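Asks: Chain by chain, the residues run as shown.
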Amino acid sequence: MSFQPVKFYQTGTFTVGNRLLAAEERSVQANMRRTNSINSGHRACQGCGEALGARYAIDAAMEATGKRLIAANATGCLEVFSTPYPETSWQVPWIHSLFGNTAAVATGIAAAMRVKGRSDIRVVAQGGDGGTTDIGFGCLSGMFERNDDVLYLCYDNGAYMNTGVQRSSATPAAARTATTMAVGEPPGNVFGQGKDLPAIAMAHGIPYVATATVAELRDLEAKVRRAMEFRGARYLHIFVPCPLGWGHAAHDTIRIARLAKETGVFPVFEAERGEVVSVSKIRRQLPVEEYLRPQKRFAHLFGKAPRADLIARIQEIADRNIRRYGLVDG
Amino acid sequence: MDALGSVSVALAGSGGAGVMTAGNMLLEAASHAGYYGLMTRTSGPQIRGGEAAAMLRISTFPGDGQDDAFHVLAAIDWQNVARFAAELPLAPASLILGDPAAGEPPEVFTKSGARYAPVPLKVTAAEIAGAWPNMVALGVLAGIIGLPAASLEAAARKAMKKGLEPGIAAAQRGYALAAQLPALRLAPPPARSDRWLITGNEAAGYGALRGGVRFVAAYPITPATELLEYLAPALAKVGGTLVQAEDELASINMALGASYGGVPSLTATSGPGLSLMIESLGLGVAAEVPVVVVDVMRTGPSTGIATKSEQADLGTALYGLHGDAPHVVVAPNSLEDCLAATEWAVGLAEALQVPAIVLSDQYLGQARGVVDAPALGSAAVARLTAQGGEGYRRYALTPAGVSPMAIPGTPGATYTADGLEHNERGTPSSQASDHAAQMDKRARKLAQLDPGEAWASVEGEGDTALVTFGSCTGPAREALARNGKGVKLVSLRLLAPAQPERLKKALAGVKRVLVLEQNHSGQFLRYLRAEYDLPGEVKSLRRPGPLPFRPAEIQHALAQWGSA
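The listed protein sequences correspond, in order, to chains A and B. Note that this note's numbering has the first sequence beginning at 1, numbered continuously upward. Note that this note's numbering has the second sequence beginning at 1, numbered continuously upward.
It is worth saying that the hints were derived from the structure and are not from the lab. Mixed in with the good hints there might be a few duds.
Stated by the list, open to error - Only pairs whose alpha carbons sit at most 27 Å apart, straight line, appear in this in silico BS3-like list of lysine-lysine:
(1) K281(A) - K195(A)
(2) K304(A) - K237(B)
(3) K539(B) - K296(A)
(4) K296(A) - K161(B)
(5) K304(A) - K158(B)
Unchecked claim - Some chain B residues near chain A, calculated using beta-carbon distances under 7 Å:
(6) S112
(7) E246
(8) E501
Note that the structure is a prediction, hence the values are computed from the model and not measured. The beta-carbon is built from N, C-alpha and C at its ideal position, and this holds for glycine as well.
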């Protein structure tokens with residue numbers, strides 16, 4: 001009797017890590033011998049997108065570098081929840097820089113490795129959107145311009161969460177924070193779109209820029225691996241929902257991240273030397289309401305006086321992303 | 001046993017257990033019942049999770065210091081509360097309350113000799129749909145203290161939006177449970193008076209508004225963020241504006257720009273942010289642009305302990321600026337003084353056209369207290385502005401040192417404001433004579449400042465002096481109120497420019513000086529040594545944050561001296 005081996009590929013799903021795959025095809029997290037570089041027991045909130053994204057990103061970077069990795073970390077949620085007195089989750093050499101200077105500290109570490117003839121040891125810098133797009137922007141742009149050999153990981157949850165949800169320059173249009181009223185009334189936010197840092201990074205012409213969400217963790221791992229194939233400055237912008245600051249259910253983190261991608265609110269793509277080289281297509285396009293409605297930070301758009309005008313403007317932003325990056329076929 | 005003048009209770013638990021919510025309601029209830037009160041808080045650095053404790057003192061007298069020990073420590077759970085043991089001192093007569101479901105209290109608490117009484121918080125809460133253990137604990141504490149049930153209910157109704165009825169029911173169950181526990185005999189409340197329930201950060205924000213500040217640039221930093229969050233809507237009500245900046249460099253320079261444009265301006269930060277702002281404060285000094293920075297100090301250096309208090313930015317505030325840069329440093333010495341000191345600082349900055357730093361700290365800033373209605377200053381101080389005309393000289397060498405400032409757009413008074421050294425017109429100059437003349441001018445305006453009685457709080461009489469500043473003043477006052485015969489308290493409020501003649505007068509006849517401060521290296525002592533002549537024997541009582549001084553420690557230090 002002939003025997004036909006069965007392969008349990010789960011094509012068309014978002015499933016992470018299938019242990020029935022050949023070993024080299026498995027996700028890093030599916031590997032029993034993954035490094036667990038940010039181990040459990042930290043103090044992130046339930047459903048924290050940043051904790052999830054960082055675990056996948058750092059373990060993937062550890063694997064890609066053969067465990068020769070040094071991490072710098074800006075002040076922020078990740079730094080605070082991973083180092084609760086008197087413990088730490090970090091199983092890699094890790095330095096807490098200050099708030100605005102992670103890129104520069106990482107540059108210094110990379111320079112030291114070069115001086116010591118140990119360019120095999122790679123460096124990642126990490127920050128939240130506040131530490132990256134606001135206070136750390138100058139140092140980051142300098143790191144890009146000099147093309148320093150650092151992978152910068154930005155975990156974007158769209159506000160200063162650890163100090164109590166104040167707006168950052170990555171806060172999206174119409175999102176309510178502790179320091180911004182609903183759009184339009186002083187001292188509210190102008191109807192911005194947040195600082196588009198991936199595009200700014202691309203404008204520096206650095207070797208590799210990519211975006212990812214925690215809804216597609218294999219994609220995130222693949223991008224970290226790809227980033228480590230380059231020398232020079234690399235930037236990975238990871239979309240990480242925050243149940244506390246966004247006001248969605250803790251079990252909806254992945255769903256919200258997926259909705260951001262499927263509505264076009266957050267384009268997922270890769271770029272090399274300033275040119276987009278691949279995009280993650282939208283599988284089933286949805287209107288932005290689907291993304292906005294489950295989040296309390298947008299509740300004022302759906303209140304007694306629904307703001308169809310503002311929702312339409314957010315839809316325009318999503319539509320522009322779809323056009324600009326070709327997120328929908330046809 | 002005599003009735004107590006004050007009772008101190010701490011409510012601890014892991015983050016999310018609702019200890020701060022319950023603590024705030026207990027403070028409200030005490031206020032409703034006619035008592036004074038103070039709630040300070042301790043927590044880890046994270047926004048959610050970790051461990052937390054609300055520390056309350058309910059009293060028949062005003063004050064913002066903590067007592068020597070807590071009468072009651074109540075814990076909703078014991079998970080990591082032991083980490084705070086140093087901040088939660090107990091005495092043999094103290095009472096430990098804990099949920100039997102949460103296990104025994106840690107040894108670090110029971111070794112004090114305090115009695116442990118289990119209270120079924122969780123089980124009691126579980127009997128009421130929608131109720132939480134923190135409300136039961138609130139009721140137990142209110143019952144032990146003897147606050148009226150009506151005050152408890154009023155506080156809950158004021159504070160709770162959701163789950164009000166189950167919350168009140170749980171608090172009432174807790175209140176009833178207290179009948180089986182040893183009661184604290186708190187003396188009856190004092191006569192009613194006009195009081196406020198306010199935090200130091202809110203008081204500072206209100207002081208800024210009263211002082212005339214209409215532009216605030218903000219960048220989030222613990223523990224100053226609440227000040228900015230208070231000011232955002234408050235400014236809007238008075239026609240002002242708050243802009244959130246991308247970092248501290250931007251926020252201080254926005255404030256400088258707004259002030260140059262003619263609007264009194266302020267920003268608030270903590271140590272790391274102050275360090276970033278220093279270069280721009282130098283610009284404010286040189287270009288004579290008024291601006292106020294409220295530094296809500298936390299432990300340093302670097303990120304330090306971001307949620308806890310220390311008086312260790314003193315050296316930076318006084319001497320951190322580059323060049324010879326005369327400026328103003330004011331330190332509030334009580335929770336309610338955060339209002340007056342900030343208002344005063346705004347007035348000084350505007351009147352003298354200099355940067356002013358307000359040295360508050362986490363203890364004062366985040367403490368919430370029932371205080372006597374603060375004394376309110378008179379009308380906001382107006383900046384001396386120029387009306388224009390021929391031959392306008394922005395930096396004219398006036399006898400007072402202050403020269404009329406033309407707001408941009410004043411006809412005939414266009415000038416260059418410059419951090420480069422300049423002549424009287426503001427034109428950059430590298431001549432020695434211009435430098436000397438402008439340095440003299442900038443020093444002169446501060447040297448001529450007459451702060452009146454506001455320079456310090458001088459209380460009591462004696463040949464021993466207790467010299468301090470800021471949040472150390474509360475426990476110092478209490479120590480002397482208990483047994484302060486022969487001891488004079490001098491709490492400096494105006495730290496720069498220094499007032500050597502006034503301190504000399506205040507210390508006339510003093511033979512011994514005890515210098516009290518909360519930092520490791522004795523920055524205040526070094527400052528006093530540098531700027532003043534201290535009479536007689538000088539001793540230092542200091543330690544770094546975050547543990548606040550307690551009155552008995554100060555009494556002890558003074559008493560040791562007495563016997564020496």
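Asks: Against this structure, judge whether each hint is valid.
Replies: So, going through the hints one by one against the coordinates:
1. K281(A) - K195(A): Judged against 27 Å, a Cα distance of about 23 Å means the pair holds.
2. K304(A) - K237(B): 24 Å, holds
3. K539(B) - K296(A): 56 Å, violated
4. K296(A) - K161(B): 17 Å, holds
5. K304(A) - K158(B): Roughly 25 Å between the alpha carbons, so the hint for K304(A) and K158(B) holds.
6. S112: 23 Å, violated
7. E246: 4 Å, holds
8. E501: Violated, about 41 Å.
In summary, the numbered hints that this structure violates are 3, 6, 8.
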